[in-house]
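Chemist: Work the whole structure out from these sequences, hints included.
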Amino acid sequence: MSDAVERVVNLALYLASSRLPKSAEECRAAGLGYPADQDDTAFIRMFERDKDALRAGGLVLDVVDDGESDAYRIDADATFARPVNLSIEERAALRAVATAFAEDPGFPFGDELRSATGKLGTSGAEGPLASSDLGRAAPAGQGVDARAIAEAVQARKTVTFEYTNASGETRDRTIDPYGVFFRNGSWYLVGRDHDLGEIRTFAITRMNGIDVNPARPRTPDFERPADFDIRESERLPFQYGSAPFAARVRFLPETAWRIDRLARGHGKTQHLPDGSAVWTVEAADARRLASWIVDEGPGLYAVDPEPVIEELAIGLRRVADAHA
Amino acid sequence: MPKSPDTATRAGRLLALIPLLRKGETVSLHELAGAVGCKPSEVAADLSTLTMCGVPPFTPYDMIDLLIDGDTVTIYAEAPGIDRPLRLTLGEARALGAALDAAGYDADAPLREKLRDAASSGVALDELARTVRASSGPGGLAETYSVLAAAAETHEKVHIHYFTGSTGNVSERTVHPWALVNRLGTWYLVALCEAVHEERVFRLDRIFDARPLGEMFEPPSLVPFNVTPDTEDLPVATVRFAAGVALPDQRTWPGATFTAEPGGTTLVTVAYQTESWIARRVLAYLGDAEIIEPPALRKAVRKAALDELGAIM
Chain A
1 MSDAVERVVN LALYLASSRL PKSAEECRAA GLGYPADQDD TAFIRMFERD
51 KDALRAGGLV LDVVDDGESD AYRIDADATF ARPVNLSIEE RAALRAVATA
101 FAEDPGFPFG DELRSATGKL GTSGAEGPLA SSDLGRAAPA GQGVDARAIA
151 EAVQARKTVT FEYTNASGET RDRTIDPYGV FFRNGSWYLV GRDHDLGEIR
201 TFAITRMNGI DVNPARPRTP DFERPADFDI RESERLPFQY GSAPFAARVR
251 FLPETAWRID RLARGHGKTQ HLPDGSAVWT VEAADARRLA SWIVDEGPGL
301 YAVDPEPVIE ELAIGLRRVA DAHA
Chain B
325 MPKSPDTATR AGRLLALIPL LRKGETVSLH ELAGAVGCKP SEVAADLSTL
375 TMCGVPPFTP YDMIDLLIDG DTVTIYAEAP GIDRPLRLTL GEARALGAAL
425 DAAGYDADAP LREKLRDAAS SGVALDELAR TVRASSGPGG LAETYSVLAA
475 AAETHEKVHI HYFTGSTGNV SERTVHPWAL VNRLGTWYLV ALCEAVHEER
525 VFRLDRIFDA RPLGEMFEPP SLVPFNVTPD TEDLPVATVR FAAGVALPDQ
575 RTWPGATFTA EPGGTTLVTV AYQTESWIAR RVLAYLGDAE IIEPPALRKA
625 VRKAALDELG AIM
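Keeping their order, the protein sequence lines are chains A and B. Counted the way the working numbering counts, the first sequence spans residues 1 to 324. Counted the way the working numbering counts, the second sequence spans residues 325 to 637.
If you are wondering where the hints come from, they were derived from the structure by calculation, not from laboratory data. A quick note: this is a predicted structure, and the numbers were derived from the prediction, not measured. The beta carbon of each residue, even a glycine, is placed where N, CA and C say it ideally should be. A few of these clues could be false.
[As the list claims (entries may be wrong)] To spell it out: a stretch of chain B is covered by chain A in this simulated footprint if at least three of its residues, at any positions, have a beta carbon under 8 angstroms from a beta carbon of chain A; those stretches are: (1) 375 to 389; (2) 504 to 513.
[As the list claims (entries may be wrong)] Far from chain A, by Cβ distances over 12 angstroms, these chain B residues were calculated: (3) Leu414; (4) Leu452; (5) Leu537; (6) Leu558.
Modeler: And the structure:
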């Protein structure tokens with residue numbers, strides 16, 4: 001293992017310090033660590049693996065056709081970072097997220113987060129105290145599984161797993177994974193179910209025996225729809241339903257600032273002269289919107305449509321009567 | 325036993341380490357480990373490997389030269405060709421994006437724009453944003469989060485406005501930010517509140533207009549990361565939920581216990597700090613949840629329901 005790592009680093013240094021592009025044969029002959037008794041086929045395989053390792057490490061290789069064969073050099077602009085001008089607060093924030101998430105088994109990308117913040121000079125050491133516990137159920141497994149599925153999303157490789165739904169029914173699923181998202185302590189996969197031919201959402205904690213198609217790992221198994229966007233999955237609780245409608249919610253002056261926190265990018269806000277604000281948002285379930293308004297209150301009220309106000313009135317009357 | 329990193333992963337770590345090694349400098353292994361995200365012992369092994377690396381013709385003058393002495397390393401000859409940090413790889417950009425999602429940074433937060441410049445040109449950031457999303461709680465936290473993180477780091481007092489969900493009141497407080505804690509996707513600030521001179525836990529999404537005061541505080545030697553109240557001395561409510569209702573979870577009702585009843589209803593017991601908090605939670609079920617006991621809480625819920633009704637009628 002150590003020889004292979006040394007060879008890859010030597011190759012990086014050789015290409016980075018050379019003014020001219022270097023061919024595979026030049027690299028082979030430069031004493032970087034390629035075995036002298038290796039046949040051509042084995043060398044080419046090893047050289048390809050080494051180039052992949054450089055690319056995985058962040059080096060961008062330019063391929064130059066020198067007339068006889070391909071030659072390689074490092075694209076310095078694309079490889080080396082320009083200084084990122086971060087404020088003191090931004091640096092502290094990055095150190096805080098690094099400290100919190102890098103050690104949280106519910107966060108799937110801890111290792112990469114550490115190396116990313118290291119490159120930015122904002123690793124968690126000496127940063128603010130921070131801690132995280134994202135996962136609700138079996139956090140270690142959830143983070144590991146979410147990572148495996150995120151890798152399959154990027155590589156566009158089909159995944160199979162046994163899935164137990166909320167009703168307790170278990171069956172095998174074959175899914176083209178389009179995206180992953182996190183909500184309230186759980187990671188979810190959104191993808192096309194081969195059997196149903198439809199896009200479905202699956203809780204990763206309900207999966208068992210996740211298997212990513214190992215065949216031809218560099219060749220995608222499917223095309224993701226061009227208009228797919230995982231952010232569409234980030235609907236508010238009252239936005240699930242078949243008959244969407246526009247609703248308006250008024251925030252009193254002392255709570256108008258909360259719209260930015262609660263809206264998650266949905267809807268539009270109109271600020272009124274008295275300091276209050278009216279948030280217009282698409283909804284699809286009048287009762288759930290009524291419930292959400294009460295839960296997020298006090299300080300916000302339904303303006304319209306009438307069915308939302310009716311749900312509020314009926315629901316609150318039920319509460320009052322039940323507690324008489 | 326943890327799995328050893330493969331060649332590509334370890335080579336990537338070494339390549340990230342190389343720009344940090346400046347000729348003539350002595351650096352602690354702990355600092356380097358923090359910068360590349362591994363243990364000091366792994367950095368020591370990586371540095372040993374680097375002493376075997378260089379460029380042709382591999383004379384002693386062409387090799388990386390350093391000396392590890394205890395928990396520090398002194399660099400005598402740095403690596404040729406790689407003297408600046410590398411751009412972020414796809415995996416690193418994905419990790420940072422997910423971490424900022426989870427910290428409540430919206431898609432248009434300025435910090436995200438700055439980090440675009442740090443990513444490798446081969447990283448399709450827009451595609452990453454369309455396929456991985458780690459946001460759970462409220463958004464719009466970037467400014468509050470960064471101010472509190474900096475204050476927690478430098479031990480600077482902060483003035484905040486805080487919205488108390490149970491009452492709807494906004495209070496102004498001076499706090500000593502000790503730590504930022506995420507539980508199940510929700511961020512909390514653990515701080516000393518000067519008004520009561522006691523430790524308090526604040527939800528970040530309910531803090532606004534956080535301003536550093538330029539005054540320092542002395543942090544405690546041990547900061548508690550527990551953000552749920554100690555329920556031992558709190559009153560307990562018993563709540564019956566109708567059959568088929570989506571029950572609260574540990575994120576929204578910390579410490580609650582659930583007992584299924586014949587007929588499909590569920591009996592939940594939960595400790596509560598204020599009547600107004602538990603009353604509002606029950607109100608939000610719009611009749612599908614009923615306080616069974618204590619009786620005084622039943623009265624409080626009825627009054628709250630009638631007050632809300634009065635406000636909308």
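Chemist: Compare the structure with each hint and give your call.
Modeler: Each hint tested on the structure:
no.: 1; hint: 375 to 389; result: holds (count 7)
no.: 2; hint: 504 to 513; result: holds (count 6)
no.: 3; hint: Leu414; result: violated (7 angstroms)
no.: 4; hint: Leu452; result: violated (8 angstroms)
no.: 5; hint: Leu537; result: holds (15 angstroms)
no.: 6; hint: Leu558; result: holds (21 angstroms)
Comparing the model with each earlier hint shows violations of hints 3 and 4; every other hint is respected.
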